[in-house]
Every structure is written in C-alpha cells, then in structure tokens.
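Letter by letter, the chains look like this.
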Amino acid sequence: MAEQDKVILHGMWASPLTKRVEFALKVKGIPYEYVEEDLSNKSPLLLKFNPVHKKVPVLVHNGKAIAESLVIIEYIDETWKTGPQLLPEDPYKRSQIRFWASYMQQVFESLVLVIKSSGEAQEKAIKEVSEKVKLLETGLKGLFPDGIPSVDEFSKNVTLLDLFVLAHFGEYEAQEEVLGLKLIDTDKTPLIVSCITALIEIPAVKKSRIPHEKMVAFLKSYREDALKSATA
Amino acid sequence: MEEVKLLGFWPSPFVYRVIWALKLKDVQFDYIEEDLSNKSELLLRYNPVLKKVPVLIHGGKAIAESLVILEYIEETWPQNPLLPKDPHEKALARFWIQFGLEKMRPIHQAYFPAIGEEREKAAKQYQEVLKIVEDQCLGDQRFFGGETIGMVDIVYGMLAYWFECMEEAVGVKVIEPSILPRLHAWVNNFKQVSVIKDNLPHHGKLLAYYKTLREKLVSARSTLPTPSNHDAS
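Going line by line, the protein sequences match chains A and B.
Quick note on the numbering used here: the first sequence kicks off at 2 and runs consecutively.
Quick note on the numbering used here: the second sequence kicks off at 12 and runs consecutively.
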C-alpha cells in the first residue's frame, strides 16, 4: 500500500489477543511499530486511543485507532491485499471462519479460568475447556476435510481462525509444564496440533517465537498472582 | 434465487436481528418457529455445535450465531448496506457491536435475576455502560447508523423493546430519560422505523414470557445457573 502507511500496534507480549493481531500483521508482511504496554501502568497513548476499554491490542493506522482483536484483523484484511487473505472471498466460507473464531473466545475464557483456578474450580474449568477444545477440533475437521496442507500451501491460505488457534495454543508446551496437564495432544486433537506445527514453520512466525522458559515464567507468575488474589 | 429459511424462537431478540436485516434488504424467507424445549431434527442438524437459534439456512447451507449471520447477510445481499463503506468507520461499527457483546453481557446477567437492593446496584452499573454507548457511539445522531438505521442499531435493538419488558419484570428502570436522554430518544425513534414497527413480538406475550423466565431464574439462584444471554437456546 502507500509508502507513508504508519502502523503502530500497542500490545502486551504474552497476551494471546495481542498475538492474534501480531500474527496477522506478520503473515501479511505489513511493517509495523510495536509498543509494549505495561498493563499496570498504561501509557497515555493507549488511554487516548482506547478510552472505552483501555485494553490491548490497539492498532493505530495513520493516526486512526482500532480496538478489539477480531475487528482489527478484519480491518487489516480489508486494507492490505498483500499476503494470504485471512477471510476467504466466499460469504459462506467466511461465515464458517467467523463462527469458529467467535467460538474461540469461549475456549479462551475457559482456558483463562483453568490457569487462574485450583482445586474443584479448576477441575470444573478443565472439563469445560476439554469439551470446547473437542468441539473446536470437529470444527477444524469440517474446514480441513483432507487434513492440514503443507507448510508452503498453508502459509498462502492461512485464515484468521488458524492464527487464533496459534495465538491461544501455540505455547501449549509451556501451558502443559505450568498446569501439569495436556489441553491439546496428537491423540485427542490431531488437527489443532498439526495446525500449530505447520504455522510455526512460517518464517515470519518462526522468527517471533517466544522462548519456552520466558513463557513458562510468565504463566507461573500469572497463575500465582491470580490464586493469591482469589484467597485474599 | 436460492431458498432462505430462518429457524427462530418468537421472544428472542437475536432472532429479530436477523429478521430485520432480511426485511431491510427485501430478502424473501421462510420462518420456522422452534420449540426450544423440544428441539427439532432440523435445528440439531443445522446447528449441531450450539443447538441454538437463530440459524439461517441458505441454499441448504446453515449459518449460526446472530452476529455471524448479520455479516453473511450483508455480504450476500449488498443492497441497502448496514455497515459503513469506509474501512475505519466499519471497524468502529464492529467495535461497538463487540462492546455490546462483551461489556453488556455480564452486567445484563447480573441485572435480570437481581432481587432486592441488588437491583438498584445492577441498574446503576448498566446505566454506566449505556452512558458510554450513548456518549461515544450514538452522540447526537438520530440512530447509531446516522440518519438511517444500520447494523449497530439492529444489534442494540434489544434495548428498544425487549428491555422494557425486562425492566418491568425486574421492577427497576435503567433507561431513564433523565439519565440517558439520547438513548431514550433512540428507543422511541427506533421503534418507529417501519421495518422494525412491523416486526416485533407481541408486547403482552413478551412481558409474560420474561416475568416467567425471571421467576425461574430467581428461584434457581441457589444453584447458580448462568442465564444465557447468547442466542436463545
């Protein structure tokens, strides 16, 4: 697009919602400036650009701000025609992607509950997330009836749903280590796993992988803080 | 043109979002009423994941989730557009749609089954969120869509008709003209739009429905149900 296109992303490095948008920008090869936000001390810029929610991610394109990860990604897809189309042309296929993308929100909320809880509450949350992940797997089966394509082919046809899966489950090994249980695996959720395996081979994605130890440390302290404040 | 069917449930505001969008674009469709206490084979076949209404069936293919359906309708029948053309304006409209979904849902779930003093507290929280919508989305416009209604109006349509019945069932009003003057005006303007006026459920029946629903929720509160504010299930 225009040489003068200025794109700034305000985000938090460990947030899956920020990652969704980052992956979209990266797979489409859109140059952008990244601003890391300290969520306990939000920058005046963030408060200016997202006065309603005061949350990340926020995309600022030539001075105009867009918030809400799904809204941002649709905007990106409509504005930049480089790289793969994150939503297919066909309205019915688009609706299927949108349906599962909105379902991912429910999966995400359940996942957060698992990380933030313990004991009986956690047992319940684990059961919920397992059921939702199972449904997500069947959704992917419908979208990929012949399985996940080769990395090359996939990188040209990746959709926003695939990026969501990567954003939420890409660090599944770190999640396993911290929680001591597998939320996804090749037996129960083969498509989700092969989707992630293929996506992390895309050069733009591979370069930005978060080191395992860093993710583990973050999840551990995030969980500890949540458990502490629950009993406070 | 391929056949269009809509599976619905008469009190559901989510179903009416779809009805209004189809009517505004002059799309012919068959409406099929679902008994949600005894879900039809059709519903279970076409929405096996969530088993909820509305479900739009176009040429044999099914689309579920009212917001997803609205985007599908907008893309398939582009006449009388419901979203702005400008990408940034469109993103803003979609933001407010998501805002309604995320911010209002937990507050609504606290308000509707609230009893005693909780009701005032919940109503106040509701008013705070609606004030944001009034100030930053509606502003001085007649409708969220500007001069004419758009997708944001359709999505917030619940507030213009269903909500009155809910307020009556709860016994504490939220959309007070002294507190939310512009939103209150919007409620009246929205109901006067002919497509909306001609496509609303029966007020008396709706009120009775919500009264009964609220009684059920209040009496079941000891077992902490989560009243669904998604598409009706």
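Warning: the hint list may mix true and false statements.
[As the list claims (entries may be wrong)] As a list, the in silico EDC-like pairs of lysine to aspartate or glutamate whose alpha-carbon atoms are at most 20 Å apart:
#, chain 1, residue 1, chain 2, residue 2
1, B, Lys62, A, Glu37
2, A, Lys49, B, Asp146
3, A, Lys55, B, Glu145
4, B, Lys101, A, Glu177
5, B, Lys96, A, Asp91
If you're looking for bench data, these hints aren't it; they were derived computationally from the structure.
- Taking each numbered hint in turn, which are not upheld by the structure, reported in ascending numerical order? Result: hints 1, 4 break, sorted rising.
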